[in-house]
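Undergrad: One letter stands for each residue in the lines below.
Number of protein chains: 4
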Amino acid sequence: MIGVGLIGTGFMGKCHALAWTSVRTVFGDVPPIRMVHLGEASDELARKRAAEFGFDKASADWRGVVEDPEVDVVSVTTPNQCHPEMAIAVLQAGKHVWCEKPMAPAFAEAEAMLAAARASGKVAALGYNYIQSPAIRHIRTLLGEKAIGEVNHLRVEMDEDFMADPDAPFFWKHEAASGYGALDDFAVHPLSLIQTLFGRVASVMCDMARPYADRAVPGGGRRAVETYDIASSLIRLENGVSGTLLVNRSAWGRKGRIQIQIFGSRGSIVFDQERFNELQLYVTWDRPTEQGYRTILAAPHHQPYDRFIPAPGHGLGFNDLKTIECRELIRRIEGAPATLIEFDEGLEIERTVHAMARSFAEQRWVAVR
Amino acid sequence: MIGVGLIGTGFMGKCHALAWTSVRTVFGDVPPIRMVHLGEASDELARKRAAEFGFDKASADWRGVVEDPEVDVVSVTTPNQCHPEMAIAVLQAGKHVWCEKPMAPAFAEAEAMLAAARASGKVAALGYNYIQSPAIRHIRTLLGEKAIGEVNHLRVEMDEDFMADPDAPFFWKHEAASGYGALDDFAVHPLSLIQTLFGRVASVMCDMARPYADRAVPGGGRRAVETYDIASSLIRLENGVSGTLLVNRSAWGRKGRIQIQIFGSRGSIVFDQERFNELQLYVTWDRPTEQGYRTILAAPHHQPYDRFIPAPGHGLGFNDLKTIECRELIRRIEGAPATLIEFDEGLEIERTVHAMARSFAEQRWVAVR
Amino acid sequence: MIGVGLIGTGFMGKCHALAWTSVRTVFGDVPPIRMVHLGEASDELARKRAAEFGFDKASADWRGVVEDPEVDVVSVTTPNQCHPEMAIAVLQAGKHVWCEKPMAPAFAEAEAMLAAARASGKVAALGYNYIQSPAIRHIRTLLGEKAIGEVNHLRVEMDEDFMADPDAPFFWKHEAASGYGALDDFAVHPLSLIQTLFGRVASVMCDMARPYADRAVPGGGRRAVETYDIASSLIRLENGVSGTLLVNRSAWGRKGRIQIQIFGSRGSIVFDQERFNELQLYVTWDRPTEQGYRTILAAPHHQPYDRFIPAPGHGLGFNDLKTIECRELIRRIEGAPATLIEFDEGLEIERTVHAMARSFAEQRWVAVR
Amino acid sequence: MIGVGLIGTGFMGKCHALAWTSVRTVFGDVPPIRMVHLGEASDELARKRAAEFGFDKASADWRGVVEDPEVDVVSVTTPNQCHPEMAIAVLQAGKHVWCEKPMAPAFAEAEAMLAAARASGKVAALGYNYIQSPAIRHIRTLLGEKAIGEVNHLRVEMDEDFMADPDAPFFWKHEAASGYGALDDFAVHPLSLIQTLFGRVASVMCDMARPYADRAVPGGGRRAVETYDIASSLIRLENGVSGTLLVNRSAWGRKGRIQIQIFGSRGSIVFDQERFNELQLYVTWDRPTEQGYRTILAAPHHQPYDRFIPAPGHGLGFNDLKTIECRELIRRIEGAPATLIEFDEGLEIERTVHAMARSFAEQRWVAVR
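Residue numbers (the working numbering), protein chains in the order written: chain A, 7 to 375; chain B, 7 to 375; chain C, 7 to 375; chain D, 7 to 375.
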């Protein structure tokens with residue numbers, strides 16, 4: 007029996023709640039899950055969400071969740087600046103933590119989180135769920151089998167359009183205090199994929215741009231935008247592969263795009279998160295007249311798709327990725343091998359993001375470590 | 007509080023369990039759900055699944071589920087030939103029933119099911135979940151708004167390849183006793199979409215085909231295939247629109263395809279279930295030089311996508327459709343309007359399928375009613 | 007040296023002129039082509055077009071072209087109703103004829119054309135250029151190699167939207183005198199592909215529909231539309247394969263679509279003329295986890311693409327198909343084997359179209375011959 | 007009457023021959039074209055090609071073509087290193103020159119070519135045909151109309167796989183003497199599009215990579231590869247827009263890809279040369295629930311498509327782009343405005359390529375001029 011605590015019930019909070027709720031029904035092979043304690047900003051909201059999400063207890067003080075003796079693991083899904091204090095408290099209370107990404111706005115805070123994880127001996131996992139899709143896992147298998155030979159180049163893009171409207175007013179994400187911009191918001195996701203599939207980034211050369219110099223301030227006037235919606239980086243991996251990592255949160259028309267192009271000596275792979283139940287594979291196994299990108303639909307033989315649906319081509323959803331991540335977390339808690347970004351690899355992602363920002367500031371190539 | 011019973015835990019049984027488990031977390035506006043009683047073929051399996059799916063009680067006799075006084079609604083997800091007896095028993099026990107499609111192999115049995123539903127006054131719903139996707143619902147909205155003008159033609163295809171391998175051995179789906187073949191397996195799905203979007207089918211002209219005349223019998227020898235993997239129908243709807251309905255369960259490469267092409271006087275719509283988070287729309291609103299099919303990604307403004315994910319383009323999964331259906335069922339139980347195929351409309355679907363089979367047998371156009 | 011005559015300079019006339027002009031540059035292996043004599047409706051237009059297209063002589067009387075002793079072969083690209091008289095005259099003058107499709111509005115006239123061809127001993131070819139694309143030729147090769155096993159089912163659609171606007175006025179294509187409608191305009195094209203790839207159609211069951219009952223008459227009032235923009239047919243081929251042939255010339259959004267789906271015992275093929283430099287192939291050669299439709303781009307190894315462009319994926323154009331057809335015609339004139347629809351196979355196409363119309367009139371299956 | 011000379015009859019030579027042959031038939035509004043004089047490396051080949059391509063005279067000495075008094079304009083389609091001497095000779099002979107791209111391996115030679123062009127007063131055009139497609143021209147129109155608002159970001163990729171096979175032997179393109187690698191081969195093409203649509207590049211930051219360190223030498227042994235198949239650049243345009251330009255000639259699966267992503271304040275545009283008869287447009291004109299990338303098929307209203315085909319969606323071919331370029335050249339010769347990359351803009355393309363190479367060598371941002 008696993009006792010679950012949840013802090014925060016926004017986009018990711020609900021996503022965690024659904025994952026905890028359905029993980030045993032989907033996988034069968036995990037212990038019973040008990041939804042113990044939910045924390046939110048007010049008593050009223052905490053009680054309302056606890057009722058909806060099926061938690062037994064509700065607190066307006068998140069420390070109540072952390073300290074609840076029936077809680078074994080805590081999902082931390084609050085805004086990024088809250089992660090360090092909460093995650094460290096969870097670990098210091100001797101519990102496992104499942105914290106949403108990124109770790110923290112400041113690198114030193116992320117380092118402190120990793121130190122707390124190491125000191126605790128507990129599992130400290132991050133919510134990088136895109137690495138969990140059956141297609142990405144199958145890509146990993148294909149790369150391991152050298153299905154496309156030796157990888158020699160990589161292009162990754164991540165784009166959405168939630169900041170694309172120039173008429174939308176200035177808000178906190180336009181302030182420098184919120185971070186660099188698209189680097190914090192987006193780049194961490196493709197970096198989780200890059201690290202999972204290929205290993206760490208060695209050096210970066212980054213350019214950033216602001217599509218809109220200023221924005222209307224509610225109440226009148228305009229204010230200069232301080233963050234960068236666009237970041238484009240040349241990258242070189244530790245394994246010698248070169249590539250590019252391009253992100254844009256003002257990209258009209260893109261809704262959840264993470265496109266990956268992987269070029270190898272015997273073929274190539276293309277993946278796009280907007281169609282994450284598909285995978286494009288080009289191989290040179292058979293005769294040239296029939297070579298072409300094949301669109302492979304996710305199917306039961308691409309595990310763990312089979313645990314959700316026994317028929318091919320029916321499609322997983324975004325929330326299902328979090329359920330897979332939840333099961334990996336449980337496996338990790340149980341001491342089994344798991345596919346998961348923990349605080350140590352998470353810190354490397356953040357290190358790379360900060361290196362990119364420094365590269366832009368100094369207009370030169372920067373070694374990540 | 008709704009007490010849930012579940013009979014059967016295969017593909018659809020697990021899907022129902024997940025829907026019941028997550029519907030309150032997703033929608034918030036439904037009563038608490040209690041997983042009361044699960045029925046399976048043996049004590050051992052029933053207990054195992056009850057533990058996995060979170061049910062309190064388990065029975066090897068499905069009547070135990072039906073008669074449990076704590077059960078308010080029963081999900082029937084057993085093989086088709088079991089539906090009539092079980093669904094009628096549920097209704098006669100004064101409970102709501104949520105029965106997987108199709109209703110029954112024989113039309114008379116389906117009629118008896120509808121009679122039982124009417125006599126009971128309870129909700130009797132069928133598991134036609136494809137009508138629940140945000141894209142299909144948005145198509146319905148667009149048609150209602152005459153976004154593509156007056157619809158004048160329709161083409162629907164449903165294809166999978168699970169029967170495509172000629173080396174697979176003879177099994178019960180190849181026996182005439184199992185039904186007509188693709189008509190039973192597949193045609194009911196597109197018919198649920200056609201009825202939901204356009205109303206009933208008036209007349210049909212159907213051809214059927216067997217890709218493989220015989221198949222190997224386990225143990226040696228070959229046996230003639232008695233069912234038809236392919237059925238192609240010309241159709242005319244009651245509203246005057248003509249079209250085609252083509253199904254094939256031996257279509258190599260197709261995994262969960264349900265393609266719909268809708269032609270109107272001002273535009274057209276194309277949808278494919280294999281990419282059910284997308285919708286193709288061609289309209290003649292603006293100037294000709296920019297007209298083209300637009301690929302619309304499902305987003306929070308296509309309800310109820312927003313209840314699952316607050317960000318566009320992230321994608322629902324197949325299982326989420328059943329969760330939406332579950333919520334519609336609950337709304338219907340509560341007396342609110344709902345998007346749902348109940349036994350009355352379900353019977354019309356089956357009537358159409360039997361008319362198609364008769365049309366093929368008699369090689370002529372057949373009026374559905 | 008081949009002396010060319012051309013009658014008609016509309017869409018297809020210009021297309022023939024371009025084919026004759028470039029065929030030797032493209033293929034190298036054909037004799038020199040001399041553009042001898044062009045016929046048009048007036049002296050002025052004939053002279054203007056002759057100058058543009060590079061013809062030595064121009065006539066307002068098409069018989070001048072036919073009788074010109076320097077002319078060896080005549081392209082007939084006038085409206086359909088002119089084909090019989092002109093094509094027969096060309097053949098009777100002892101010359102080869104390259105006549106645009108379809109042969110003639112009335113079947114008896116088409117029969118007379120075939121009789122004239124047989125009597126003359128000259129080559130009598132029809133302008134069914136869609137069979138000439140490298141992708142279609144490669145499909146033919148793949149079928150011959152049994153790359154997708156034994157073909158068991160077929161679906162073909164042809165759609166455009168040039169008649170889709172309900173506000174467009176009544177014109178001659180809406181009169182019964184012009185023919186049946188989409189059957190004449192469109193069905194002949196997919197039939198040319200079906201016959202080339204699979205052989206003849208044995209029986210048909212056709213439905214037709216009018217999207218718009220009447221149309222505005224220039225000058226005021228409305229007039230009932232007499233032709234059918236939509237025709238949908240169940241078909242059975244002589245080789246036992248069943249399928250469907252669906253055409254619609256009021257299909258908003260479709261511009262030049264001819265989609266072919268071919269299902270076999272070991273795979274399937276999908277082709278769409280709107281992207282005719284591509285081909286979708288699904289095969290079951292390799293392991294299931296990597297099976298998917300592969301998008302094969304036309305390339306030099308798909309002959310005769312190589313005669314136009316030595317690099318893959320650069321793309322042929324619609325007019326290039328006529329150039330390939332022209333070379334096949336020349337090969338046929340020279341006595342070599344050629345891929346070409348001649349009057350004998352063309353007559354079978356028309357026989358099938360008339361059978362479809364009869365099937366609709368009589369609401370029953372009709373044997374083509 | 008325009009007298010044409012042609013030097014070289016490889017890929018581009020044949021393409022020029024086809025363009026000259028068909029330009030008057032296609033466009034009607036250009037003077038008669040006379041194929042006067044063809045130059046090739048040997049008498050035999052020159053005579054053979056002259057016969058095939060319809061030229062009156064043939065020479066093994068290219069100077070014969072240049073000096074022929076009947077020649078008004080010379081197509082130079084020989085290897086890049088021959089361009090300077092030949093193009094300058096043509097211009098000094100007082101003739102117009104149509105030279106394939108790029109101008110020359112060395113920047114100083116390209117400068118000399120521009121100087122010769124200026125001194126001659128003749129038209130000196132380059133074969134950047136990708137700017138001629140109806141889709142690219144329509145993109146230019148849309149940008150001019152601010153259909154996607156103010157452009158703020160740009161991503162361009164060009165990929166093919168003709169160098170992707172690691173087992174292919176060392177040849178001259180792997181020697182440093184041939185140039186930088188993909189920069190020379192590919193980058194000039196996307197730069198022609200960038201300059202045409204957006205203006206000049208101001209500064210660049212480039213990385214390059216070799217997928218294969220060495221290759222087999224015919225006869226035995228291996229030799230180090232000296233050129234770079236991959237080049238990735240961050241770019242900033244003179245108009246303030248930032249972006250990326252990524253090229254790879256070892257990209258398995260890509261055959262003729264040039265993908266352009268243009269992001270603006272009101273929408274975005276995506277184009278891929280592998281499907282150059284299509285254009286993806288996302289606009290925010292209408293209500294959000296129907297926004298999506300629309301696939302616009304090239305059609306007669308996207309000029310000059312109409313001069314080739316009067317029906318939409320039928321598709322131009324790669325060779326047709328050269329025919330459009332030929333007509334633009336003729337218009338330019340006649341003194342009319344034309345869409346054409348002449349030596350002045352061509353030199354800017356080369357200047358940018360050399361700046362990229364310098365940026366890589368010095369590992370820093372470089373100003374193009």
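Hints were generated in silico from the structure; no laboratory data involved. Hints may contain errors.
Residues on chain C that point at chain B, a partial pick, calculated with CB under 10 Å [what the hints assert, rightly or not]: (1) Tyr-218; (2) Ser-239; (3) Gly-270.
Model, not experiment: these values are computed from the prediction. Backbone N, C-alpha and C define an ideal beta-carbon position, used for all residues, glycine too.
Undergrad: With reference to the structure, classify each hint as holding or not holding.
TA: Consistency of the hints with the structure:
1. Because the smallest distance between the Cβ of Tyr-218(C) and any Cβ of chain B comes to about 7 Å, under 10 Å, the interface hint for this residue holds.
2. Of the supplied interface hints, the one on Ser-239(C) holds, with its beta-carbon coming within about 8 Å of a beta-carbon of chain B, less than 10 Å.
3. Among the interface hints, the one on Gly-270(C) holds; its C-beta lies about 7 Å from the nearest C-beta in chain B, closer than the 10 Å criterion.
Checked against the numbered hints above, the structure violates none of them.
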